[in-house]
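Asker: Residue strings, one per chain:
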Amino acid sequence: MNDYYLLVLTAIFINNIVLAQYLGNCPFLGTSKSMETAIGMGAAVIFVAVMATAITWVLQKYVLVALELEFVQTIVFILVIATLVQFVELFLKKIVPPLYDALGIFLPLITTNCAILGIAVICQRNDYEFLESIVFAAASGLGFWLALVILASIRERLETTHVPRAFRGTPIALVLAGLMSLAFFAFKGMGSYR
Amino acid sequence: MREIAKMMWKEFSKGLWKDLPPFRLVLGLCPVLAVTKTAGNGLGMGCSVIFVLTLSNLTISMVHKLIPSKVRIVCFIVIIATLVVAVELLMQAFAYPLYQRLGIFVPLIVVNCIILGRAEAFASRNPVHLSVADALGMGLGFTLSLTFLGALREIFGYGTLFGRHCMGADFQPFAFMVEAPGAFVCLGIILATMNALTVWIDKRASLKIEKKRRRQILNTLPLPGADTSKRKRLPQ
Amino acid sequence: MANHILKPFISEPKLTVACPPYWHCNKTVATIMRDFLLALIPAAVLASAQFGFAAARVMALAGAIAVLTEALCLKIIARDVSVDDYSALLTGLLFAFLLSPSAPWWLVTIGSCLSVLLGRIFFGGLGGSPLCAPLVAWAVCKISWPRAMDLDLSMLNSEWVYPLGQLKYLGPEVVAHFNHINLLLGKQLGGLGSAQIMGIVLGGLYLIMRKHIRPHIPLAFLAGMYITALIYFLIDPTQYAGPIFHLLAGSAVYGAFFLATDFASSPVGHIPMILFGLTGGILSIIIRVYSVHPDGVPFAILLANLLTPLLDRIRPQPFGGQATGSIQSQLKIGNGGSVEKN
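Protein chains in written order, with the numbering used here: chain Y, 172 to 365; chain X, 1172 to 1407; chain Z, 735 to 1076.
Bear in mind the hints are in silico, worked out from the structure with no lab data behind them.
Computed from a predicted structure; not experimentally measured.
Treat the hints with care, since some could be wrong.
[To be verified] Derived lysine-lysine pairs resembling PhoX-like cross-links, with alpha carbons at most 25 Å apart: (1) X/K1382 x X/K1181; (2) X/K1374 x X/K1185; (3) X/K1181 x X/K1379; (4) X/K1189 x X/K1379; (5) Z/K921 x Z/K902; (6) X/K1374 x Z/K809; (7) X/K1177 x X/K1189; (8) X/K1185 x X/K1379; (9) Z/K945 x Z/K761; (10) Y/K264 x X/K1241; (11) X/K1241 x Y/K265; (12) Y/K359 x Z/K761.
[To be verified] Which stretches of chain X does chain Y cover? Using the computed rule of at least three CB atoms under 8 Å from a CB of chain Y, they are: (13) 1176 to 1182; (14) 1241 to 1249; (15) 1343 to 1355; (16) 1366 to 1378.
[What the hints assert, rightly or not] Listed next, with one range per pair, are the computed distances between beta-carbon atoms: (17) X/G1274 x Y/E300: 19 to 29 Å; (18) X/M1233 x Y/F262: 27 to 37 Å; (19) X/F1319 x Z/A812: 46 to 56 Å; (20) Z/A805 x X/W1371: 38 to 48 Å.
Positions of the beta carbon are idealized from the N, C-alpha and C atoms, including for glycine.
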């Protein structure tokens, strides 16, 4: 139990998926313009990351390793993620319409989100067990959501300041992401999971 | 023949400045920050992307008529993923140290928005030779940008360039540049500089056009003190 | 009497406006910054007395470079060069107070430059930055040049020691060597200004008296630190240092009075301010205990600054309506389009 606690803390604060591991930058900068889109995107990422990691872990163990096809890992993983996103969209539309309305437009964007594929590949490279992978995926998604919400709230506030013209839009968001990453340096050395 | 060469050059050169990824065409930022700790890593990643991008554009522009429109994104992803697997295996065979340094960002080339973006926006609508020119231009631009950013971060962050010491012995490396915060801030400053440069170039160009127009108008007016008595009189 | 003190905390503020004509209260940015500079003088004088010419040199260089950078950058982006409001000078000095007295000239220059650039110019000048500018520069310098910023290593020939460094690397037994009165009087190594606890407290009280900063944030910050340190101390006195030591060592008091209360990066309402201070205090102790950094106060304040916009959403409900959360939606109600200016 202590191990999982450390795993969660590492994934959210010490090795934040977007601020320390650079995964998921495009949607991070793109959906942080307002709080509603930020919260929606973060929730969608957590949702898809957990399911994708679970399915890819099972596939890797029982299909790829069994048939000695590890080198096609990339193709299989990305296909799984793409089809998963399609199915999740259809499923949500039919069964849980309110959730679909909340997450709807972000789901197709997640297919090309480096974070999802990155989390799946990291779990494989670090040799996590099934439960560890699920917890890691959920915690990484939560870290992404946290960073996204904070950036969105600050960017909303920046609407009222006179940012120099060259910096408006993406450049100042990148500088802000850098400063957030700087603040998260506080957690360095608080223990690392493996 | 000259027409074709001219069109190819046009598609090729736009990837080198006008639509330079990732500084002007803000796509594919994920690997940019992670692999540019040193110039060598940036160069290696850029070369892999050139390989994947060119072959994927080539393949997709050859077969896009055979792919039904509903499943085209998935098909594109399959093609790109196959090429990425090929690149992975080649790197493991011939450039293993680079493969180790790039880490998980080699398989992540498959979700690089540039490759899928160019496939969707260009290769699936244009003939083969133009797609290849576009891919080569974009890939070269990407490689140059990555190498530039990598060199910047390496020189200030480690004091070396491509592994060779180039700053003096008393140089205290500015380690901020090679860490995550420095990467973000550096990229933000470069993007802002590109924005400012664009505005400045446009302003200079429009000033030039304005000056030319004014000179033309002045040339058509008569000079002050001209002899108006010799003006043609209407026949009476 | 207690009612009179607790009133702003427990009742809604009464908003009374007198009839015109109005009289200007003469409060400009320049006068406020002058008061801040006055508040820094006790600590500066004590630092120069204790560390000699080196301290004065660092402070002067930092202030000069900050003013120069601001003037140059404002000129480049074609805005009013408003360095005469002393705010750049204040930023430079606040940064200098965190450095060790033997900081090399290039460290002071680059740090000062960065504090103005990253903390002010990029975000549009005074009041734009979501993070405290001197702290941003401090954090950048800390991760870039850890040896030059290490307060023990850079002052090896001094008779005093850096209490938090001793605590982190040698364990809590050394805490017994530190006399609280000595710490209060500044007989410790630390940032050249932030070690002068007495001077900082005097300056902070002056600012509160002049009503430039409200007591909520400093008190909440120090209370948060005290309570968290007390909890750890009660759990295991042999492993953790006592709360008074934590308050008097490092930049705790300096951060509470001068850095956490930075206007642009701290919240505005009463409850948000108290929450902000408490968060900063609790995070400081957690970072001091668990992380590799000996002093957690700067990072804790940076993290709390990130939470400021979220904390500022805790507002009183407007009469007869729902509080719209985001500033964007409020702007849309206010004027039709976005504010476009260079």
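Asker: Compare the structure with each hint and give your call.
Answerer: Results for each hint:
1. X/K1382 x X/K1181: Given that 25 Å is the threshold and the Cα spacing comes to 28 Å, the pair is violated.
2. X/K1374 x X/K1185: Holds, at about 20 Å.
3. X/K1181 x X/K1379: holds (24 Å)
4. X/K1189 x X/K1379: holds (20 Å)
5. Z/K921 x Z/K902: holds (19 Å)
6. X/K1374 x Z/K809: holds (19 Å)
7. X/K1177 x X/K1189: holds (17 Å)
8. X/K1185 x X/K1379: Cα-Cα ~23 Å, so holds.
9. Z/K945 x Z/K761: holds (12 Å)
10. Y/K264 x X/K1241: holds (19 Å)
11. X/K1241 x Y/K265: Holds, because 20 Å separates the two Cα atoms, which is no more than 25 Å.
12. Y/K359 x Z/K761: Since the Cα atoms of Y/K359 and Z/K761 sit roughly 43 Å apart, the hinted pair is violated (cutoff 25 Å).
13. 1176 to 1182: Check failed, 0 qualifying residues.
14. 1241 to 1249: holds (count 4)
15. 1343 to 1355: Holds: 6 residues of the stretch 1343 to 1355 of chain X have a Cβ under 8 Å from chain Y.
16. 1366 to 1378: holds (count 3)
17. X/G1274 x Y/E300: 19 to 29 Å: For Y/E300 against X/G1274, whose Cβ atoms are near 22 Å apart, the range 19 to 29 Å holds.
18. X/M1233 x Y/F262: 27 to 37 Å: At roughly 36 Å between Cβ atoms, Y/F262 and X/M1233 fall inside 27 to 37 Å, so the hint holds.
19. X/F1319 x Z/A812: 46 to 56 Å: violated (28 Å)
20. Z/A805 x X/W1371: 38 to 48 Å: For Z/A805 and X/W1371 the Cβ distance comes to about 22 Å; the hint is violated.
The earlier numbered hints that this structure contradicts are 1, 12, 13, 19, 20.
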